[in-house]
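S.K.: Sequence:
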Amino acid sequence: MSQFDFAKAELTLENANQGIEQHSVSFLVELDEAGAAYHAHGLYDKAESCYMHVVSLKKANGITDQGLIQTFHRLGVLYRLQDKFPDAERCYSEAINVSTYLHGEKHPKVVDQKAYLAGLYHHYGRHEEALKIALEALNVYSATEGQESHTVAICHFALAFIYARLNLLTEGKGHLEMAQRITSMQVYASDETIAQALLGMVVFHYRHNEIDSAEVLFKSACLLQEDRLWGFHPIVPETLVKLGTFFETQRSNEKAELCYQAALKKLRWAFGDRHPYLSDTLKTLIKFYTRTNNPAKADEYKAQLEEITAASLTSFAPNRV
Numbered sequence: 005m006s007q008f009d010f011a012k013a014e015l016t017l018e019n020a021n022q023g024i025e026q027h028s029v030s031f032l033v034e035l036d037e038a039g040a041a042y043h044a045h046g047l048y049d050k051a052e053s054c055y056m057h058v059v060s061l062k063k064a065n066g067i068t069d070q071g072l073i074q075t076f077h078r079l080g081v082l083y084r085l086q087d088k089f090p091d092a093e094r095c096y097s098e099a100i101n102v103s104t105y106l107h108g109e110k111h112p113k114v115v116d117q118k119a120y121l122a123g124l125y126h127h128y129g130r131h132e133e134a135l136k137i138a139l140e141a142l143n144v145y146s147a148t149e150g151q152e153s154h155t156v157a158i159c160h161f162a163l164a165f166i167y168a169r170l171n172l173l174t175e176g177k178g179h180l181e182m183a184q185r186i187t188s189m190q191v192y193a194s195d196e197t198i199a200q201a202l203l204g205m206v207v208f209h210y211r212h213n214e215i216d217s218a219e220v221l222f223k224s225a226c227l228l229q230e231d232r233l234w235g236f237h238p239i240v241p242e243t244l245v246k247l248g249t250f251f252e253t254q255r256s257n258e259k260a261e262l263c264y265q266a267a268l269k270k271l272r273w274a275f276g277d278r279h280p281y282l283s284d285t286l287k288t289l290i291k292f293y294t295r296t297n298n299p300a301k302a303d304e305y306k307a308q309l310e311e312i313t314a315a316s317l318t319s320f321a322p323n324r325v
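Just so we're aligned, residue 5 is where the sequence shown starts under this note's numbering, counting upward by one.
Hints should not be assumed to be uniformly reliable.
[Stated by the list, open to error] Straight line, CA to CA, 20 Å or less: simulated DMTMM-like cross-link-like pairs of lysine to aspartate or glutamate:
#, residue 1, residue 2
1, 301, 277
2, 113, 152
3, 223, 181
4, 287, 311
5, 50, 37
6, 12, 49
7, 246, 284
8, 113, 140
9, 113, 69
Note that these hints are calculated values from the structure, not bench results.
All chains should be modelled from the sequences, with the hints used to inform the complete structure.
M.R.: Structure follows, in structure tokens:
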């Protein structure tokens, strides 16, 4: 749902609550997209309602498909964001069960879902359970993708953090070395440069025993890659802006600019060119180009900010998103 149409989302949810269009497959897609839109904007109750309607309607109509896996996954993420561990665990497990039914127990798509459950366990301190799943994931991905794939590298990074939390530092550093070796050999596309830089920073902080900082950076790298599941999520542009600020402190202006521009691009995709949600990022870019002696670019973004400010006075009511 680019440039989210909340009026459409409200109508979709209202129809679901009233039992309208229950047998329409296209309606299920609209309902799932409405849930993702609400989810992205922090309207968790409405998002949950949309997702639960999708689940119940699919079960009522005998639909077991990849979309159902995605809905359970999104529910799991929704509950995790609210620190509802039992509900998150249940939904991640449901996603695993549906994926197993569709693909078979050892299929990489099943392991994808198990990896999310491992992340949940790790987050809540259940590191032994996370370790068991992560080792299984490493074996499956190594067998299906080869031992030097990007996914295998991510598994090694994850294992490095799990072992660190278990105070098994020798094992952890061994997996870190494997992860670094694999990523150093890979050629990244231009839009993956930020994630690549983050992984390099992960290695640096881990080697200096700054495990908490390294893990935050690793989660940011994973989040940027997971953005494809949502189309838009506000945490992603926020993360990009924070990373841009970090790169500025490291005097890496090229990477900082890349982060700021990526954040603006995602906001424009979601809201269009004249929504107030773009204002903070535009202000950041204006300050950046002023500091880096690029007045032409600073003036360009000042003009865009002025247009948004003028438009917001007439086009956006106080409670409209």
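S.K.: Taking the hints in turn, state whether each one holds.
M.R.: Status of the hints after comparison with the structure:
no.: 1; hint: 301 with 277; verdict: holds, 17 Å
no.: 2; hint: 113 with 152; verdict: holds, 19 Å
no.: 3; hint: 223 with 181; verdict: holds, 18 Å
no.: 4; hint: 287 with 311; verdict: holds, 13 Å
no.: 5; hint: 50 with 37; verdict: holds, 12 Å
no.: 6; hint: 12 with 49; verdict: holds, 17 Å
no.: 7; hint: 246 with 284; verdict: holds, 12 Å
no.: 8; hint: 113 with 140; verdict: holds, 13 Å
no.: 9; hint: 113 with 69; verdict: holds, 13 Å
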